[in-house]
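Whole structure, please, built from the sequences with the hints as guidance.
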Amino acid sequence: MDTKQEKEIVEFWEKEKIYKTDLSNKNLFPIDTPPPTVSGAMHMGHAFSYSQQDFIARFHKMKTGVFYPFGTDDNGLPTERLVEKINNVKSKNMSRKEFIELCLKTLKKITPAFVQDWKNLGMSCDFEMSYSTIDKNSQKISQKSFIELYKGGEIYEKKVTTIWCPECQTAIAQAELEDKKLSSLFSTLKFSCDGKDLLIATTRPELLPACVAVFVNPDDKRYTKLIGKKAKVPFFDYEVPIIADKSAEMEKGTGVLMICSYGDRFDVDAINRHKLKPNVILDKNGRLTEGKYKGMKIKEARKKILEDFKNMNLISEQKEISHVVNVHDKCGTEIEFIPTEQWFIKIIDKKKIFIEQGKKIKWYPEFMHKRYDNWVNGLEWDWSISRDRHFGIPIPVWKCDKCNELIFPSEKDLPVDPLEIKKKCPKCNSLAVPESKVLDTWATSSLTPQIASSLVNDKIKLPFSLRPNAHDIIRTWAFYTIVKSYLHKKQIPWENIMISGIVSLGGEKMSKSKGNVIAPQNIIEKYGADALRFWAAGSKLGEDLDYQEKDLVTGKKVINKLENAAKFVFMNLENYRGEKPKKLEPLDELFLSNLNEVVKTITESFETYEYNKARAEIENFFWKYFCDNYLEMVKKRVYQGTGEKKLSAQYTLYNSLLTILKLIAPIMPFVTEKIYQNYFKKNEKVKSIHLCEWPEFDKKKKFSKDFDILIEDLTIVRQEKSEKKLSLNSPIEKFTTPNHKIILSYLDDFKSASGAITIDLGKEHKVNFPKAGTEKVE
RNA sequence: GGACCUGUAAGCUAGCGGUACAACUGACUCGUUUACACCGAGUAUUCCGAGGUUCAACUCCUCGCAGGUCCACCA
214 MDTKQEKEIV EFWEKEKIYK TDLSNKNLFP IDTPPPTVSG AMHMGHAFSY SQQDFIARFH
274 KMKTGVFYPF GTDDNGLPTE RLVEKINNVK SKNMSRKEFI ELCLKTLKKI TPAFVQDWKN
334 LGMSCDFEMS YSTIDKNSQK ISQKSFIELY KGGEIYEKKV TTIWCPECQT AIAQAELEDK
394 KLSSLFSTLK FSCDGKDLLI ATTRPELLPA CVAVFVNPDD KRYTKLIGKK AKVPFFDYEV
454 PIIADKSAEM EKGTGVLMIC SYGDRFDVDA INRHKLKPNV ILDKNGRLTE GKYKGMKIKE
514 ARKKILEDFK NMNLISEQKE ISHVVNVHDK CGTEIEFIPT EQWFIKIIDK KKIFIEQGKK
574 IKWYPEFMHK RYDNWVNGLE WDWSISRDRH FGIPIPVWKC DKCNELIFPS EKDLPVDPLE
634 IKKKCPKCNS LAVPESKVLD TWATSSLTPQ IASSLVNDKI KLPFSLRPNA HDIIRTWAFY
694 TIVKSYLHKK QIPWENIMIS GIVSLGGEKM SKSKGNVIAP QNIIEKYGAD ALRFWAAGSK
754 LGEDLDYQEK DLVTGKKVIN KLENAAKFVF MNLENYRGEK PKKLEPLDEL FLSNLNEVVK
814 TITESFETYE YNKARAEIEN FFWKYFCDNY LEMVKKRVYQ GTGEKKLSAQ YTLYNSLLTI
874 LKLIAPIMPF VTEKIYQNYF KKNEKVKSIH LCEWPEFDKK KKFSKDFDIL IEDLTIVRQE
934 KSEKKLSLNS PIEKFTTPNH KIILSYLDDF KSASGAITID LGKEHKVNFP KAGTEKVE
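In the numbering used here, the protein residues as written are 214 to 991.
It is possible that some hints are incorrect.
Taking CB as the label site, the calculated pair distances span [stated by the list, open to error]:
id, residue 1, residue 2, range
1, 225, 637, 57 to 67 Å
2, 730, 497, 27 to 37 Å
3, 465, 311, 50 to 60 Å
The calculated DSSO-like cross-link candidates involving lysine-lysine, where the alpha carbons are at most 30 Å apart (straight line), are [to be verified]:
id, residue 1, residue 2
4, 233, 900
5, 371, 490
6, 672, 572
7, 947, 976
8, 674, 564
9, 612, 563
10, 507, 305
11, 937, 976
12, 532, 517
13, 912, 795
14, 488, 512
15, 305, 322
16, 403, 532
17, 780, 858
18, 438, 459
19, 230, 900
20, 859, 894
21, 357, 403
22, 900, 228
23, 898, 858
24, 230, 353
25, 298, 543
26, 954, 858
27, 303, 357
28, 947, 964
Honestly, the hints are just simulated from the structure, not real lab data. All of these numbers come straight from a predicted model, not from anything done at the bench. By construction, the Cβ of each residue, glycine as well, lies at the ideal position given by its N, Cα and C atoms.
If you want it as C-alpha cells, here you go:
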C-alpha cells in the first residue's frame, strides 16, 4: 500500500460516487461538517480532528447512511486578504459587489486544490454537496436570517461604545479578542488638587485629554479628603471630578485611577455608571482628533506626550511593566473602545435559555459542556454582528434619514447589496440611505445547518445528528449556532456535539505562530493517510495528543499486516466461492463467536464516540486473535486438509476477514478498500467496502471463553520453547494441562499449532519435549 | 484571580473500586514456521506527593505540587 495507490482509491471513490448522498434513505445521520477557511492548507490540527469526525461519519454511513456535506468558510478577513494577494488588488479600491464577485471567481479557482487535502485524508463527505459561506445561497440565507430576526425584535441598532479594531477598522465581538503580553511604560503623572500634586499612574498618557474623572477608593484614607473636589489634568489644564468608587484598587499604581473615554472596557462601564460625559478623542483609524497631538496615531502620540511631559517635569516616576492587553485575534492589534452605530442580536436577556439549550445537546466528551456554560455565564454584551468592512455579506437594509424608517428587501430579491440599489422611503418618498456595513462572519457560519439543508431543498431538517467542533470555537461557532437555531426555530441545531483535542509537539500546542507545525501532507506522502488516521484514532476524543513521527509506524505496520493476512487467506481460498459447510468445525465456530463479541464492542464504541476504544479492540483482535492464533491453528487444515474440514476453515477465514475489514474500515478506509477490491468484490456484489452494511451483532450466538484458554495454553508452549531456545515449530512429546477437557474439543487444531503429540490432564502446565529435545530439532 | 482538563514504564497513550496479561514505540535476549523482519516468542521498568473514605484505591474525596486550555486582569 503506497501513497499512489491511496490516490487511485480517492479517484475511484470520486468516479464511482461512493459517498453520494442517498436522499431516499429516511434514516440519514446528518452531520454539520465544519467548513475550513480557505487560506493556506490543511494543518495537523485539521488532519487530527477531521479524521476523528470521519471515523464517526463512516461508521454511521455503513450503519444507516449519512448526510455529510462539505463546506468552506470564505467569508472573513483571511479570505479577503488571500484574494487581495492572489489578484494583487485592494478591496478598498473596488466596489463591494465587484470585490465579492472577484472572491467568488478566485475561490472557484483555488478551492479544488485546497479541498484536495481533505479528500486525500480520506474524508467521506459528499463533495458534490458543498457550499461556501460567501456564495449566493449562503448570502441569501444569512440576509434572510437578519431580516427575520430584526422583524422578530431580536436585532437592534444602537450607538454604543464597542470594541473597535483600529487596524481592521471595524467593530468586533467579545469572542474575537485574544490576550497578548506586552511591556509598556507605566508613568506616574502629576495631576493636582488644591494646588498640591495628585499622582496618577497610567500606561495610556495619550488619553489624558479624554480624562473625564478620577476615582479613588472610598476606603483609601490617603484620599478621603479629596472626594468631591476637582483634580486638574496636567498640561491640558482642565478639571475633572474626584469620585469615590470601589473599583479603584488601593494597591495599584498610586491608588488613584483616571477614567478616560475610553481606555478600556472598565472605563466604558465607569462612565456609564456615573453618567459622566465622555470626550472621545480617537477616530476610527486610531488617530487623535484633538489638541496638540491631533492626527497622530495612538502610539506616536503616547511617545510624544511622554517626551513633552518629561521636559515639563510632569512625570514623577516611570517604569517598564509587563501587562496583558486585549488584541484582535485576526491582526493582533490592540483594541480600542469607540462609540459607533452597530447592529446587535439580543443574547444577554437569554443566557438562561442558552444554558438550557446546551443541556439538551449531548456533549462528547461531557466536560466540554462546562466550557460552554462557562462562556455563556460570562457573557456581558449582546452579540455585535455588524462589521465596518468592505468585504462580507451586506446587511440588507436601507434607512430613511428623514423618518427613520428601515426598509428591507423582499425575500425573492435576496441576496442584495444595498449599495448597488437605490430605494425610496415608502413614507416620505425621499431617497433612503443604504447600510454600508457587512455581517460578522459568525453571523453566517452560525447558520451552517440551515445552509447545509438548503443544499437538498430543506429535505434534511434540524436538528442534525452531529456537529463536530474544535474546542477553541465552542464560544463562537457552537454557541452562535445554538443561538441562531433557537432564535429561528426554538430548537437545538444538533443532538450531539463531538469536540476534538489539540495536537501538540513536545507538550506545546502546534500552531503557526509558534512555528512548530508539521505538514500533514508530508506525513500522508510518507506513511499514507491510513497511518495518519490510525494515529489520530490513538487518543480519546477531546484529549490532546502529542505528535511523534515514530507513532505513524504503528499504523503502517497494521496496514502491512492486514495486507499480508489477506494475501495468506486468499492463497488458501483459490477455489472457494463463498459456500458454507454443513457443519462448522468447533474451532471455527468458537472463533466466529468471539468475533461476534468484538462486533458488539466496536459498534458500541463508535456509537459513543470512543473510536480509540474501537481501534484498540479491532487491532488487538485482528493481530492477537486472528493472526497470531486462529491463523496458526487452522494453517495446516487449509494446507493439507480436505472436504468439510477444509471448507469450514475457508468459510471462517473468508467471513471473519471480511468482518474485520468492515470493522476497521471507518478508521482505515484505504487499505480496507484495496483488500476488498482485490479479493472480495468478485463474490460480494457491493462495489465498495464503504457501501457495505455494518456487521450485525448476532444475539443468538453463544460466546465462549475457550479461545482465550487455547491462547493461554499456546502461549505456555511458546514460552517453554523460547526458554529452551527451540524453534516455535519444534514438536512436543506431551503437553500436560489443567484445560485438558477444553483442548480436547479442538484437539487437531491445537496439536497443529503447538506441535504436541499427546495432551494430558494435569494440575499444572507441563511441556515434555522429545528425548533429544534439549537440542534443536532438525 | 476564575473555570476546566491532565499527571500511568525511556517515550506516546489506554484502563479500571478487587494483583496493570497494561497496549504500542524503543531497549535487551532468543527464534524464524508453505502471509508478514513493517515477523514470532520472551525479559526489564511503572500508576506526581500527602492525607481521607473503603475489607480493598492507580481508580472515589480533600489538599498540595507540576503542566496545559479557555476566560478575567489591562489605572
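Structure-based check of each hint:
1. 225 <-> 637: 57 to 67 Å: At roughly 58 Å between Cβ atoms, residue 637 and residue 225 fall inside 57 to 67 Å, so the hint holds.
2. 730 <-> 497: 27 to 37 Å: holds (35 Å)
3. 465 <-> 311: 50 to 60 Å: Hint holds: Cβ distance 51 Å, inside 50 to 60 Å.
4. 233 <-> 900: The given pair, whose Cα atoms are some 13 Å apart, holds under the 30 Å limit.
5. 371 <-> 490: Holds, at about 18 Å.
6. 672 <-> 572: holds (26 Å)
7. 947 <-> 976: OK: residue 947 and residue 976 at ~14 Å, within 30 Å.
8. 674 <-> 564: holds (25 Å)
9. 612 <-> 563: holds (28 Å)
10. 507 <-> 305: Measuring from Cα to Cα gives roughly 25 Å; hence the hint holds.
11. 937 <-> 976: Within the cut-off at roughly 22 Å; holds.
12. 532 <-> 517: holds (17 Å)
13. 912 <-> 795: holds (21 Å)
14. 488 <-> 512: holds (29 Å)
15. 305 <-> 322: holds (22 Å)
16. 403 <-> 532: holds (15 Å)
17. 780 <-> 858: holds (21 Å)
18. 438 <-> 459: Holds, at about 16 Å.
19. 230 <-> 900: Holds: residue 230 and residue 900 sit about 11 Å apart, inside 30 Å.
20. 859 <-> 894: With Cα atoms ~22 Å apart, residue 859 and residue 894 stay inside 30 Å; holds.
21. 357 <-> 403: violated (55 Å)
22. 900 <-> 228: Measuring from Cα to Cα gives roughly 12 Å; hence the hint holds.
23. 898 <-> 858: holds (27 Å)
24. 230 <-> 353: It holds: about 29 Å lies between the C-alpha atoms, which stays within 30 Å.
25. 298 <-> 543: holds (16 Å)
26. 954 <-> 858: With a Cα-Cα distance of about 21 Å, the restraint between residue 954 and residue 858 holds, given a limit of 30 Å.
27. 303 <-> 357: holds (29 Å)
28. 947 <-> 964: This hinted pair holds, its Cα atoms lying about 10 Å apart.
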